[in-house]
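Take the sequences, apply the hints, and build the full model.
Number of protein chains: 2
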Amino acid sequence: MKRNVLMPNFAKRNGLVTIIAQDKNTREILMVAFTDEIGFLETMATGEAVYYSTSRGKRWRKGEESGNIQKVSQVLIDCDGDAVIYMVEQIGEGACHTSKRSCFYRSVLRPTTKMKGRLEIRVISVTRNIQV
Amino acid sequence: MKRNVLMPNFAKRNGLVTIIAQDKNTREILMVAFTDEIGFLETMATGEAVYYSTSRGKRWRKGEESGNIQKVSQVLIDCDGDAVIYMVEQIGEGACHTSKRSCFYRSVLRPTTKMKGRLEIRVISVTRNIQV
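So the sequences go chain by chain: A and B.
Throughout the first sequence, residue numbering follows this note's numbering, covering 1 to 132 in sequence.
Throughout the second sequence, residue numbering follows this note's numbering, covering 1 to 132 in sequence.
Careful, some of the hints might be misleading.
Stated by the list, open to error - DSSO-like, lysine-lysine: derived pairs with alpha carbons at most 27 Å apart: (1) A/Lys58 <-> A/Lys12; (2) A/Lys58 <-> A/Lys100; (3) A/Lys24 <-> B/Lys58; (4) B/Lys71 <-> A/Lys24; (5) B/Lys58 <-> A/Lys100; (6) B/Lys12 <-> B/Lys58; (7) B/Lys100 <-> A/Lys24; (8) B/Lys100 <-> B/Lys12; (9) A/Lys12 <-> B/Lys58.
To be verified - Partial selection, computed: residues in chain A whose CB lies under 7 Å from chain B: (10) Val5; (11) Trp60; (12) Asn68; (13) Leu76; (14) Phe104; (15) Val108.
Calculated from the structure, these hints are not laboratory results.
As the structure is a computational prediction, the values presented were derived from the model and not from experiment.
Idealized CB from N, CA, C, for every residue including glycine.
Here it is, written out as structure tokens:
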């Protein structure tokens with residue numbers, strides 16, 4: 001079967017696009033990473049998620065060592081083409097190198113009581129110089 | 001109420017971290033963007049999502065023009081600290097500048113029939129040189 005593929009805009013961010021792996025059943029966000037054009041095409045061709053590691057400077061197939069591969073059943077692209085969702089079936093114990101199901105296992109807050117509604121932090125001032 | 005905040009690693013990617021806005025009720029991914037440290041702290045302080053536009057080179061409060069603000073009720077951080085989920089209540093018609101609920105309203109495939117299971121694309125060869 002021949003299909004047309006709407007390609008992400010790899011030119012926008014030095015050859016990479018942001019990839020979110022989302023559990024196709026629970027809709028839990030499992031991990032966020034990048035991929036390059038070949039990694040994207042490999043994912044499309046094989047149905048298994050391939051990413052590009054910016055720290056190691058190379059492409060990697062999710063689960064190539066752990067066996068915890070991600071079977072991709074749907075691929076969504078955002079309005080400006082620089083971010084993509086892989087809807088996946090996560091094989092094995094999880095997506096995270098810590099063996100947790102999701103890499104997002106921590107809240108940035110460490111509340112003393114259960115959080116309710118809006119955040120209650122107040123930032124009085126921000127004096128550090130941020131260089132972007 | 002005083003809380004300790006687990007700060008993202010802004011140093012890793014030139015002062016920015018990836019932000020995913022996820023609908024707190026439906027778990028739909030609404031948009032992906034970046035924020036800087038001040039934007040993150042503003043979000044934490046106000047409970048409304050603030051991002052940093054890399055194309056415009058400045059911070060922006062979601063909905064500052066459209067009114068479609070995002071009320072942030074939970075903030076999750078990933079294992080290596082360079083990506084964050086804002087669990088949000090999306091006010092107004094949607095998160096996307098196209099007025100759609102989510103920026104991810106397109107599949108990369110344009111199937112002629114409903115997709116089933118794994119992708120069926122085959123990539124014969126990739127001859128373009130990719131520079132990353």
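Against the structure, test the hints numbered earlier, and report the numbers of the ones violated in rising order.
3, 5, 8, 11 and 12
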